[in-house]
Amino acid sequence: MVLGVSSKERVPLVKDVGTLGESQALKGVDMLVWAVLFAPPGTPDSVVQKMNQTIVQVNALPSMKALVLKLGSELLPSLTPSQTKDYLKAQRELYQEAASRIQPE
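Okay, so the sequence shown: first residue is 1 according to the numbering used here, each after it adds one.
Careful: at least some of the hints might be erroneous.
Computed cross-link-like contacts, DSBU-like style, restricted to lysine-lysine with a CA-CA straight-line distance of at most 30 Å [stated by the list, open to error]:
1. K85 x K27
2. K27 x K15
3. K70 x K8
4. K89 x K27
5. K65 x K50
6. K50 x K27
7. K70 x K27
8. K65 x K8
9. K50 x K15
10. K27 x K8
Think of the hints as simulated: they come from the structure by calculation, not from any bench.
Work out the full structure, taking the sequences as your base and the hints as a guide.
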């Protein structure tokens with residue numbers, strides 16, 4: 001049983017299922033599934049940049065896009081390492097704020 005999807009918009013794969021953001025407790029919530037590849041602290045910037053470049057190239061492959069779509073999802077735009085750091089901070093704040101509004105029933 002699917003209770004709701006965490007994206008801002010309803011998902012075509014389960015179009016009859018509402019978004020969590022449609023509920024009063026989580027109004028406006030937009031939480032996407034994402035994946036990040038981390039490297040150990042002190043990894044040379046050239047290595048981090050090469051990893052990022054490779055991820056961008058793989059995500060641009062039609063076969064990758066097709067696979068993700070087949071799984072009922074879509075690829076988010078690739079981010080630079082700096083953008084990823086900002087995104088992670090914003091996601092942490094979003095989850096903390098949303099969790100603070102949930103009241104046990």
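**Asked** Can you list which hints this structure breaks, lowest number first?
**Response** 6, 9
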